[in-house]
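Enquirer: Put the two chains together into one complex, using the hints given.
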Amino acid sequence: MVKLNVNGKTVEVDAEPSTPLLWVLREHVGLTGTKFGCGVAQCGACTVHLDGVAVRSCVLPVAAVGADQKVVTIEGLSKDSSHPVQQAWLDLDVPQCGYCQSGQIMAVAALLKEKPQPTDDEINEAITNICRCGTYNRIRAGVKQAAGVKQA
Amino acid sequence: MQVAEVSRRQFLATTGSAAGAFTFGFAVPFAGAAQAAEAAPEVNAWVIIQPDDTVVIRISRMEMGQGTLTGLAQLVAEELDADWSKVTTEYPTPGENLARKRVWGDFGTAGSRGIRSSTQYVREGGAAARLMLVQAAAAEWKVPAAECTTVRGVISHNLSGRSTTYGRVAAAAAKLPVPQKPALKDPKNWTIAGQSMKRLHQAGKVNGSQVYSIDHKMPGMLNAAIRDCPIWGGKLKSFDASAAQGMRGVKKVVQIDNAVVVVADTWWRAKTALEAVKIEYDPGPHGNLDSRAIDAMLTEGLTAKEAFLGNKNGDIDAAIQGAAKTIEATYSVPYQNHAPMEPMNATALVTADKCEVWTATQNAEAALATASAASGLPLNRCDVHRIDLGGGFGRRATSQDFVEQAVKIAKTMPGTPVKLIWSREEDQLHGCYHPITKCKMTGALDKDGNLVGLRMRISGQSILATIRPQALDKGRDPIVFQGLNAAGPEAQIGYTIPNLLVDHAMRNTPVRPGFWRGVNNNQNAIYLECFMDELAHAAGADPLEFRRRLMKNHPKHLAVLNAVAEQGGWGKPAPKGVFRGLAQHMGYGSYVAACAEVSVSDQGQVKVHRIVAATDCGHAVNPRQIAGQIEGSFAYGLGAAMLQQITLKDGQVVEKNFDTYNCIRMADMPAVDSIIMPSGGFWGGVGEPTIFVAAPAVLNAIFAATGKRVRDMPLKNHDLRKA
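Sequences listed follow chains U and Y, in order.
With this note's numbering as the guide, the letters of the first sequence map in order to residues 74 to 225.
With this note's numbering as the guide, the letters of the second sequence map in order to residues 54 to 776.
Covered by chain Y, according to a simulated footprint, are these stretches of chain U (three or more residues, beta-carbon under 8 Å):
no., stretch
1, 108-121
2, 170-179
3, 196-202
List time: in silico DSSO-like cross-link candidates among lysine-lysine, alpha-carbon distance up to 27 Å:
no., chain 1, residue 1, chain 2, residue 2
4, Y, K270, U, K82
5, Y, K493, Y, K358
6, Y, K464, Y, K407
7, Y, K139, U, K152
8, U, K188, Y, K660
9, Y, K270, U, K76
10, U, K152, Y, K251
11, U, K152, Y, K270
12, Y, K251, U, K217
13, U, K217, Y, K660
None of these hints come from the bench; they were simulated from the model.
For each residue, glycine too, the CB sits at the ideal point set by N, CA and C.
So here's chain Y without its partners, still in its complex pose (with noise of 0.2 Å):
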């Protein structure tokens, strides 16, 4: 890992989603002018000083794995000038939240927007916490404020000698009013932010007593398996529970919506009698409805008259009909489905007047709407403890499905808690899928292997149509055309080519779509990245070369491009059989590219030696949790162009477990080097952006060792055998 030396220009305020982006927050209504009880040694919203002087900054995205709950609190930290040793941090929930009028802003940790959408808020909330805090010192010691100076948690007067601590003074400062936009410090200053400090809370990783969702425990809580009608648009027959009635701990058996219920004093007996239950199910419209039918429908997408418009510059028609040489190519991504180690599961309980839930969610506002809505009580009745997700990856962001079903659970057992726990099978029958893409690839060449013209149409499935159908502008889904747009900071194209023309025909199935680590940048970047490549190949030019006399104009794009390249010894012999690719993408407001190192045996076995990656983020927090990211996230895109695919049949899906639908594991994880390089001015994410570059990066260099485009995912489907 390295960390480029650059010069941080000023902090520019960009609160909010950057422009082009796309909220994924829920907004409920506030609950008027509700009176929070004070938590007694409050400095304000962001910071707790206990007596002894602990600083608790509060959290409101959510960890589950990406760093941002560390990464928040650096922000926090950084600007009160706390020690760092005596940080913790805790959740509000999103009750607490809502009788605040959401004094923590939004909940939703999607997007890759934790910390780049409340950099400004939190840091004003440790800032403000300072000064608050050297008032109380200064009013104490009856000397001006402007004369102290804060260390590590203490205040000092230097002119007088005198020093405390912010922990006593904390008291004293929580009763004075919170200075509204304090000064925030020139980034280049930072000593705790911008540091790789190791994560908060690690501790009870190691040693098993981190307390997941799926571990929590209350005194008389049961336990609930589910299975909900496997068929998209089926509906839940009958059953017949007779064999399970007298199973050994089985409370209840019970419906909820289309879905069979077992509860039990354990899961495993819940589970083990939900087996023991005949379910019929009605298959519904979708019965039949199977991967071959998708496909046959996306391909029709891919020449259909109407199209959603995403990207037009010039006249793509006329460049092609004039071109020299003219390439075409059809590409594919399937559904994949996010898998998560920790399944699904949520526990709650609900009285005559109230209803509280237990779970990891990727956006606890959401959760609670679902809470209150499931339990038919208003939100100031309803809350959500939040807890550290095992893993989220957009599944328990898109959808709070497992939330709705424990409360309707749980409602049919007043004052009893009942912890719904999904299997493994559950995770993968009732996913929110990645959507599933075609795309056709025009391209046209003048005589010289110039690109002068682009066509590119994508097929397939939206996911705001079925998940936030009220996104949707005039029916065209927007995040379609993630990394393709013309301009904005958060997902622009890195080309400029004088005829282009980008557009989706829609074809949506009754299958779920989700949000998926990367969402549509992720097959986008597979269809241009490969396709550039492709290009390259047919103009007799490197492919180095060839996309760099397209991104004079995109000097961001063109710097971590460059910077792979060189870091990758782009255009410099290779060890022997290894051969290299490279892609660049950028979204999330951050730019990203890598360079693959990859084999292929005559056998056809694939081997990814190495990855060189780099990402602009603008500001990093913590390099070594952006490298953990960057790793993580070439693990997830790799797992999936290489191994995975959600198929369909008589209107299920076909792959249920790990075994199925297998994961990429340590012998398959490829060395990566990466190279963050901020270059200041913006605030760019870092949870997803890296994974778009892995694949194309991966498949080019498949191409530059066997002479094989692989266009249609995953890899596992294709014969790579030397022929």
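Here chain U stands alone, though its shape is the one from the complex (with noise of 0.2 Å):
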């Protein structure tokens, strides 16, 4: 068994140690809000936060994850849709087919959290998660927006 604590809850898993946490995460918790996209670390659809760091899920083995560290998803974000993030993804409308913004988000909310108002240049080095519908511009506008940069 294997114990994790994500979203603030201590959950135990009967998953082999070499599972990804995103497939822990999808199969054992049921937490299908984050995404699998390639398992290859490349697209960021599996972007959770550890210890408050955006990781991509697909390639960390669950065993390498400590009982103790934080493990927050999509789905822990926040407990109504209120994180300044997905305001502002829901002011800006930015999803299209919506399956990578799980990742998008919490990559920008990882990035907030570190530089609360982010260069163009620094949004461009820390969100190279792919978007295939390429909403990359209201993404970019959201990030300002969730910084309360006043859009130009």
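Expert: Shown next as structure tokens:
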């Protein structure tokens, strides 16, 4: 059994230690908001927070996650979609198909925690998740809105 | 974003696919006079109104990020005079559609047709429901229906001071006959349609609660991982599953056609066990196929005698012979994969007398037919439950192979629901790729630099020859010539050239092609618009002026080109180091143009700063969603032109994941200024058209910046460093 702290709750799962955190979350914990995109940490659809830092959970064996480390998924970012990033996403109608947006939102939330007022270059460097619908410009606007930066 | 103020002319009825359009829909035979179970508060097929005034609008087309669901709901709600804040939607199943004699029409969602080819009947559905609700209220009040008015879901009879809500009279209205051919509103009076409404159903996309097909769960459900033969035309020879059989969670290892499948309690365990299966393939006739051989075959086609005619005008040979100057260039566009973020997947449950599928598909009627064939059960014993797509881009319209596999797997385990999920590698190896083509362009200029002749020989793969051979016209694939046609409302060339010859040497390969966002317009626009730029430079003319001389008979093409030239600052100084390029094209009934601003560093690094884009889509149902489609199509098109190439080696695809098949990301995305200028009188698509012009506008700007002509995609293969 593997013990994890997910979204503030302790959960015990019967998964092999090599199982990626992504699949433990999706198939053992039952949280499917975190998405499978590539399995090789290229696309970022699987981004979650590990102790507040954005990580790509598709290549992170669950054995590497300590029982005392805090895993936060999109379901745990806020109780009621009230996180400023979620609010900005709704306000600017960011998602198209939406499949990558859990990962995008988690990546952005982690960035804003570290850099509350990121520059465009810092956004480019930190937000490297793939969106095949091409919502990048609205994501950028969403980052700035969530950061409280006035839009030109 | 700006929305041009234009007078919207009276709507012209254009049901069905426009002339020249290819019908992507998969026709299924009617199931006879099957009686459908009527949902209680259904006013008519399109509108359900619940007692609490919630308006449920039925949606026939699929939502995959392009906003069609919201747009269709707006069109129905407009005619219904609904309260938009009370509108929600539901998807009827293809089984229900069949049982009700296809009352909801075609479910196929491709070719940018989702809205434009259903506008008439969905609006009539809303208008008829409104008349029925008014009739029910008027009957209750014993007043003439004509004296009643409707505003935001409330019916009023001002003469008697009475009013009621749709919810209160819906049950009575549902018993009334459905009026045929009700009058529709003039689009200039729209208050819901034509407005930048936010998308419906966005909440679940920001908190993880939206259930995609890959998230679908059922009691007792098992999970399947698959490895299909990766060699085109190859076969599964043998496999040894002994190591996999005993692995934890594994329930079954099974062969489905040329694929090995592991079914387990979780998908990760199924995938892990699949990797332990030793598989041998018979490579078949194409085991040595590689990109070099395909290129040689296409190169031969560039000068082959036999070719299918696309567009012809005057005498091209005489024009070339008599030209003051001739210019020649050969271009190429490689295979590209769709790679939607959500890998292919489907859940199937098969019993002795029923087959049900839950999946993300762009064509649920084709999925239904596939489920029936794969299960061996008649159509009326099968159904497909539609789930919003995590991206489609044509992949989930071209083939329902993932449905076929899921049903065949589930058939081996009757009564147990099985969810099949492809790995990303499986998705890359078994795509329906944007077809590979090359093109030889020859232009003839007279002594004054006018274009007097254009010869365009396309050599390469036909999508229809493989995917829908029954749609070929005496062997000719008509959609190869998208955007190059002489006439028609769908995809007409924007230039009048006195001597013109466009033809196609069809050169097919065993690699499966497919409809890829923009389809054949993409390479045709690159070929034609980049070569126009070459001709303009050869003629010593400004590329805008050079085009304008050929566009006098094409006012709509010209209008969008002029719009981007003006807003893009064409002919005015650009910021230091920034260069501009233009392109225009027509497809899926819409006229589009782009002006790109690009800089190229001394080290050869390309930066696309901004693209000004214009679209005349006839009527704009939701300008904000259209702006989203313009931006998104640019990301998709630029990603392909700059980064994406599927190559072949030993009969199989080389690029197996995003590490070798990269996509445009945040840092590469240009600013996009959208000019939405609907001129009225027709309905054009918006999901695809703007993709056509992104790549050629950028390539022309790169030439302006470097003097280097990139003619073979993708851009990543070229060295643009300063010499």
